[in-house]
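Line by line, the protein sequences give chains A and B.
When we follow the numbering used here, the leftmost residue of the first sequence carries the number 248, and every step to the right adds one.
When we follow the numbering used here, the leftmost residue of the second sequence carries the number 9, and every step to the right adds one.
Be careful, since some hints might not be right.
[Claimed, not checked] Output of the computed footprint for chain A on chain B, the stretches with three or more beta carbons under 8 Å from beta carbons of chain A: (1) 84-94; (2) 110-121; (3) 132-141; (4) 250-260; (5) 270-279.
Everything labelled a hint here was simulated from the structure, so no lab data went into it.
For glycine and all other residues, C-beta sits at the position ideal for the given N, C-alpha and C.
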Amino acid sequence: MSDFFTALGRFFLGAAGTVGSMGVLLGRILSRLVRLDLDRHELTSNLYNMGVRSLPIVFVTALFTGGIMVVQAAPTIERYGAHGLLGWGAGFGTLREVGPLLTALMISGRVGANNTAELGTMVVTEQFDALRALAIDPISFLIAPRFVGIVTTLFLSTIFADVLALVGAAYAGIPLLGVEPSLFYDGLTSGLLGTADVVHGLVKSVVFGVVMALASCEFGMTTEGGAPGVGRAVNATVVVTAAGIFVVDYLVSFAVR
Amino acid sequence: MTDDDPRPSLDEMLGIDAGPSFDALKAPRQFFGALRDLGRVARKTVHFTLRGERRPGAVAQQMYEIGYRSAAFLCISMGFIGMIFVYQAGLQIRRLIPDTSQLGATYLELLVRDLAASICALLLATRVGAGIAAEIGSMVVTEQLDALRMCAADPIDYLVRPRFIASLAMTVVLTVIAGCVAFLSGMWTAYAFFSMNPRTFADANLVDLGDVVIGLTKCIVYGAAIPIISAHSGLVTVGGSEGVGQATTRAVVWSSLAVIVLNFVISTIGYVLFG
C-alpha cells in the first residue's frame, strides 16, 4: 500500500514539476516575443513546415468530421423529425467542440511530435550547446519561432477546419437525411448560433496551441539518453498534449460561456 | 518493405532541367504504394495470428504495455470528455427546450454507439501507435530486424503478432472501462450543474442491439487497424534517429486519420443497416 502512495506522490510531484517548468518556459518565450527577438527565417520556415504542409491532413479530417457529425445526429433527428435543426446541431458541435478538438489532435500528431523529435535530436547531438557557445540564444533562435508557428498553425487550421467540416456536414445531409444544403444553412443561421460560438472555438484553439507548443518544446529540450531518449520524449509529448488538451478544454468550456 | 527504385522522370529522360518541378502524380503514387505495403503487412499479420508459433508471455507482456499502462491516461481523458460533453449538451438543450430529461438517455446511446470507441481509439492511436512505431523503428535502424531474419524468425510473427492480438483485446476492454468513466463523470456533471437525478440520467431505454453492435465493431476494427498501421510505419523506417522520429509522427497521423475515416464508414453502414 505504501508503494502505491509513493508512486502516486511521485506522479503528482513529477506532473507539478513539468507544469512548473512549462510555465517558466512560457515566461522566457514571452519575454523574447515582447522584444520581437526571434529569428525571422526560422519563423517562416516553421510556418511553412507546420502550417502549409499540414493542410492535406486538416482537409481530410475536417470533411470526414462533418460527415460523422451528421451520421451521429441522424437517428436523433429522425426520432424528433427535426430536419430543420440539423444545421444547428452539426454547427454547434463542430464550432464549439469537435472542430478545435480534432484539429488539435491531428496537428499534435503531425506537428507536436515532429517538433519534439527535432528538438530532442538537436539536444542529444549537443547542437543546443553549440548554439550557446556561439552566443546565440536557443530560445529566440529555436523555441520562440516554433511556439509562434504552432499557435498560428492551430488557429488558422481551426478556422479552415470549421468551414470544411460544415461543408462536409451540409453535403452528407443530402444522402443520409434528405436535408438540402439550403435547409442546412438556414438551420445554421437561424439565430440559435452566434459569433460567440465561433469565438468560443477559436479561443480554445489558441489555448490548445499554447499547451501543445509548451509540451513539445519542453519535452524536446529536456531529452536525455541518446536516440531511445528521443523516442521516449516523443511519446511523452503526444500523451501529455492529448491529456492536456482535454483538461484545458474542460476548463475553457467553463471559463468562456 | 519498399524497394525504392526511383525511376527517372520525364524531364530527366528528356534532359530538361525544370528545377524543383511539381510532380502531381508523386503523392498519389506514394500513397497507393504505401497502401499496398500496408495490405501485405495486414495479410501476414492475420496469417501468423492464425498459425504462428505460440510463445508464452509475449502477448501478455504487450497487453500490459498497451492495456494496463494506457488505462490511467484514457480514464482521465475520457472523464473530462464526459464532463465537457454533458455540460455543453445540457446548455444547448436548455436554450431550445426546458426539458433535459432525455439528456442522459441520448448521451448513453451516443457513448455506446460512437463516442467511447472513437475517442478511445484516437487516444490509443497517439499513445500505442507512437510506442509501436518508435520501438519497431529503432529496431530497424539498429539492424535488429535483420538479426531476427538471420535467426529465421519472421519480424511480423515475432514483433507484430503479439502487439496485434494484445491491441485487439485491450481496445475492447479499455473502451468499456473508459466509457463507464465517461458516463459516470457525465452523470456527476448533470447532477452538479443541471441538478438532474442520477436515476433519471442513467436511462438505457434508447440503447438497442444495433448501437451495441456498431460500438463493438468499431472497437474491434480500430483495435486491428492501429497496430498494423503503426507497425507498417515502423517497418519502413529509413535513416537514423530522425527516421525514427518521422516514423512515430507518421504512425500517429495515419492511425488517427484511419480512425476518423473508418468511423465515418462504419457509422454510415450502421445507420443504413439499423437506422
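A quick look at each hint next to the structure:
Check on the region 84-94 of chain B: 7 of its residues sit with their Cβ under 8 Å from a Cβ of chain A, so the three-residue criterion for coverage holds. Against chain A, the region 110-121 of chain B contributes 4 residues with a C-beta closer than 8 Å to a partner C-beta. That satisfies the three-residue criterion, and the hint holds. Coverage of the region 132-141 of chain B by chain A holds in this model, with 5 residues showing a Cβ closer than 8 Å to a Cβ of that chain against a need of three. Chain A is given as covering the region 250-260 of chain B, and this holds because 7 residues of the stretch bring a CB closer than 8 Å to a CB of that chain, at least three being needed.
Taking a C-beta to C-beta cut-off of 8 Å, the region 270-279 of chain B contributes 5 residues in contact with chain A, enough for the three needed, and the coverage statement holds.
In this structure, every one of the numbered hints holds.
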